[in-house]
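Visitor: If you're matching them up, the sequences are chains A and B in order.
156 is the number that the numbering used here gives the last residue of the first sequence; the numbers go up by one with no jumps.
282 is the number that the numbering used here gives the last residue of the second sequence; the numbers go up by one with no jumps.
I should point out that these hints are in silico values taken from the structure, not numbers from a laboratory.
Accuracy of the hints is not assured; some may be wrong.
So the derived label-pair ranges between C-beta atoms look like this [what the hints assert, rightly or not]:
(1) B/L172 - A/I12: 37 to 43 Å
(2) B/V92 - A/M5: 35 to 41 Å
(3) A/E88 - B/P234: 44 to 50 Å
(4) B/E265 - A/A21: 50 to 56 Å
With the C-beta cut set under 7 Å, the calculated list includes, among others, these residues of chain A facing chain B [said to hold, decoys possible]:
(5) A44
(6) R49
(7) A59
Glycine included, each C-beta is placed from N, C-alpha and C at the ideal position.
What follows is each chain in one-letter form.
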Amino acid sequence: MLRLTRIIGNATEPAIADRLHALDHDGRVETITLDAADTARKRLRVATDKGTDCAVALARSERLANGAVLLLEDARAVVVRMRETVWLALAPRDMAAALELGYFCGNLHWRVRFEGALVKVALDGPRESYLARLAQHLEDGRARLADEGEGE
Amino acid sequence: MTAEAAHAAEAAASAARVGIGGPVGSGKTALIEGLLPLFHARGTSLAIVTNDLVTQEDAERLQRSGLIRPERVVGVEAGACPHTVIREDPTLNIEAADLLERQLRPLDLILIESGGDNLASTFSLDLVDYWMFVIDVSGGGDIPRKRGPGIVRADLLIINKSDLAPHVGVDLVLMQTEASAVRDGRPVLLTNCRTGEGLDRVADHLAHDVLMEA
Ligand SMILES: Nc1nc2c(ncn2[C@@H]2O[C@H](COP(=O)(O)OP(=O)(O)OP(=O)(O)O)[C@@H](O)[C@H]2O)c(=O)[nH]1
Ligand SMILES: [Mg+2]
Chain A
5 MLRLTRIIGN ATEPAIADRL HALDHDGRVE TITLDAADTA RKRLRVATDK GTDCAVALAR
65 SERLANGAVL LLEDARAVVV RMRETVWLAL APRDMAAALE LGYFCGNLHW RVRFEGALVK
125 VALDGPRESY LARLAQHLED GRARLADEGE GE
Chain B
69 MTAEAAHAAE AAASAARVGI GGPVGSGKTA LIEGLLPLFH ARGTSLAIVT NDLVTQEDAE
129 RLQRSGLIRP ERVVGVEAGA CPHTVIREDP TLNIEAADLL ERQLRPLDLI LIESGGDNLA
189 STFSLDLVDY WMFVIDVSGG GDIPRKRGPG IVRADLLIIN KSDLAPHVGV DLVLMQTEAS
249 AVRDGRPVLL TNCRTGEGLD RVADHLAHDV LMEA
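Starting from the given sequences, assemble the full structure and let the hints guide the process.
Guide: As structure tokens, then:
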């Protein structure tokens, strides 16, 4: 078990980026991949891409982020990679449908953001279960999927 | 890293915060009562935050239990909505945990019991590092199939009151299998908080996943 108890810095900081680049040449950079939601945790038991069992235990004031460097030694570095949030884009048919859809998303405690006339729902779980909840709205055309390459 | 440096680094880490959610009466407080002696024996320094709607009932029960020093238990009154204080606005619970952490150094683990709710309650990861959801067999063997967010998303699902299965016509093996299926194989444990059966395995999970003991 590799104990990781602090965030040394971020992979985007020039000095750190240089060292990571050098280590990466010899395959000595290991990655921990996390869902965005899991970066709020201060304690995590996770394996790196190379299979190293990591025990992350941070002070409550620290916050994991994409690029957080948890270990930076000559022999090895460990960097956090955050999975991009996937958004489900929905286009309501008209004002009435929009009101209803907005209420519906809120009632299910979905995290959303608005882009023009679209509402985008952050997928925190399988896409199918979101589509199943939205079935009524999608079937009768009150809303349609507006992801790129989808819908009409 | 030298031993001293390792120790200093370890001291910087905060106490693990673990949520316990689940429907009314499923055995959340009983689970805590069962775990306390086990963690005591393992040398884990522990504190508890309980949530009740408008009383301190669970806090007082634990304070009177003789299983933990009363000053290690804080009750937070959740008001009308038990899930709001663990998800949308966990400020009161965060403050209670911060207070315990300041007063009781060093502290390894803070258990936060949610007020009894329904199958939809989930914990904010701003409040806890890890959370368990406790259901019980008397709620019915079909409960896992109903896929409440608590059941699907908890880090650890506990099916309590295993002793009652024959009395309520529940097939325990089937219930556990179905629960594992809706959770994509993430852990599901059976417990009987009356006898303590299965509690060692709950403590083992916490020791591994958040206390980083092995
Ligand atoms: N037979 C049996 N009874 C249990 C078990 N665990 C708890 N109980 C009983 O179930 C009842 C509720 O237990 P609690 O621990 O108070 O449940 P809770 O989830 O904390 O309840 P709230 O905080 O009110 O939501 C009590 O009467 C317990 O004695 C168990 O494993 N088997
Ligand atoms: Mg209780």
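Visitor: A separate judgement is required for each hint: does it hold in the structure or not?
Guide: Tested hints:
Taking the beta carbon of each, B/L172 and A/I12 are about 29 Å apart, not inside 37 to 43 Å as hinted. The beta-carbon spacing between B/V92 and A/M5, approximately 38 Å, falls within the hinted interval of 35 to 41 Å. Checked against the given bound of 44 to 50 Å, the beta carbons of A/E88 and B/P234, roughly 49 Å apart, stay inside it. B/E265 and A/A21 have their C-beta atoms about 53 Å apart, which keeps the hinted 50 to 56 Å range intact.
Interface hint at A/A44: satisfied, since its Cβ lies 4 Å from the closest Cβ of chain B, which is below the 7 Å cut-off. For A/R49, the interface hint holds, the least distance from its beta-carbon to any beta-carbon of chain B being 5 Å, beneath 7 Å. Because the smallest distance between the Cβ of A/A59 and any Cβ of chain B comes to about 4 Å, under 7 Å, the interface hint for this residue holds.
Checked against the numbered hints above, the structure breaks only hint 1 and satisfies the rest.
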